[in-house]
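K.L.:
On the provided structure of chain A, position chain B with the ligands as indicated by the hints.
Protein chains in written order, with UniProt numbering: chain A, 1 to 206; chain B, 1 to 108.
Quick caveat, the hints were computed from the structure, so don't treat them as lab data. Heads up, some of the hints might be wrong.
Cβ-Cβ distance ranges computed for the label pairs, FRET-style [as the list claims (entries may be wrong)]:
1) A44(B) x G45(A): 43 to 51 Å
2) G93(B) x V141(A): 20 to 28 Å
3) G53(A) x A44(B): 51 to 59 Å
4) Q84(B) x P104(A): 16 to 24 Å
Stretch by stretch, here's where chain A covers chain B in the computed footprint (C-beta under 8 Å, at least three residues) [as the list claims (entries may be wrong)]:
5) 10 to 18
6) 37 to 51
7) 73 to 81
8) 90 to 103
For each residue, glycine too, the CB sits at the ideal point set by N, CA and C.
The chain contents come next:
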Amino acid sequence: MSISIRPGRPMDASDAARAREHQQALRAELPLVREAAHSWRIGLGGLLLALVGFSLIRGPSEVDKVEPPWNVVIGCLLLVSLATGAYGAYRLLSAHNGRPRTRPVDRRTSASTQNHLLALTALKDLRHGIIATFLCTVFLVAAVGTTWYGPEKAKPKLLVRTTTGAVLCGDGATGDGRRLTLKTKPGRVGVPLSDVLVVETVEKCP
Amino acid sequence: MSLVPYKEIHQNEYAEEAAQRFTFIRLGSGTAELHGPCPRCGHAIRVPVVDGVYKTFWPRRRNSAGPTPPSGNVRTEDVICTCQEEHPGRQEGQFGCGAFWSLEITTS
Ligand SMILES: [Zn+2]
Ligand SMILES: [Zn+2]
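Chain A extracted, bound-state conformation (with noise of 0.2 Å):
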């Protein structure tokens, strides 16, 4: 690779003034960038909270009322969302402060230089910083979603054996003193009370 460096145009007062706005922009842009940077971890920070606190509240409790294998989709999402916003939150936390290290002492560059190349590593967090956060949301919304939308886990069944032998099983039972009607499969049974033998509940009807 050949570098030539040869004189370039002419240049008047006015492109002076543009090379020393310049100049200028390029000290005033690691600043820029950072709090950028501070705006959108307290933005995205604020809603992942909401959403968090939101779907945890509602958490446990609803997702064991999903059917298998759902609930284990709803777990793997959760996981998920948590790595990318985990995620997120560092690579935000490292455009607003720098990342976590030092850096070797440059004494040939320049600062303004040096805080250029500063500048372009924290735009670069924030972008997958921003990036992470929407797509730890998208997960987090899935997960929510499939706990509220999923197939609901059936209840357990009533599984009632007479002493004629007969076996009925299903839900809905009511009883008047006498009889004991059920909700079975092909419809409303009845037995009468002196006739059970044996009343369980069962996971599912045989």
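P.N.:
Chain B with the ligands only, in chain A's frame:
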């Protein structure tokens, strides 16, 4: 070398002398530096040469100092003296001794 007063000034010799004496150092990420002595005040300066400067998040505007050609060939860089030394008469927000010139940098 006595301290020359701050004065925004352009002379053709500045560009010619700078073209002879400045070196161009690539630093990666669209960033480079020009190193050399200011042709007017003689102080050593290091001038950042960048592809773009962040100004606001929406929208991301590009370099204000002239159009940026596709990387890897010819670019014109307007340079102002950015020396750290005192020059009498310099105002807040001004840099160096006030000298400015333009360089054409060809990389291949
Ligand atoms: Zn000087
Ligand atoms: Zn100078």
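K.L.:
With a Cβ-Cβ cutoff of 8 Å, does the segment 37 to 51 of chain B contain at least three residues near chain A?
P.N.:
holds (count 4)
K.L.:
Against chain A, does the segment 73 to 81 of chain B show at least 3 residues with beta-carbon separation below 8 Å?
P.N.:
holds (count 5)
K.L.:
Within 51 to 59 Å or not, the Cβ separation of G53(A) and A44(B)?
P.N.:
Hint holds: Cβ distance 57 Å, inside 51 to 59 Å.
K.L.:
Verify the coverage statement for the segment 10 to 18 of chain B against chain A, using a C-beta to C-beta distance below 8 Å and requiring 3 or more qualifying residues.
P.N.:
Since 5 is at least three, the answer is holds.
K.L.:
Just tell me: holds or violated, for the beta carbon distance of Q84(B) and P104(A) against 16 to 24 Å?
P.N.:
At roughly 22 Å between Cβ atoms, P104(A) and Q84(B) fall inside 16 to 24 Å, so the hint holds.
K.L.:
Mind checking the hinted window 20 to 28 Å against the Cβ distance between G93(B) and V141(A)?
P.N.:
48 Å, violated
K.L.:
If you check the beta carbons of A44(B) and G45(A), does the distance land in 43 to 51 Å?
P.N.:
45 Å, holds
K.L.:
Would you check chain A against the segment 90 to 103 of chain B, counting CB to CB pairs closer than 8 Å, and say if three or more residues qualify?
P.N.:
That given contact holds, which follows from 7 residues of the segment 90 to 103 of chain B lying within Cβ reach (below 8 Å) of chain A.
The structure fails to meet hint 2 from the earlier list, while all remaining hints are met.
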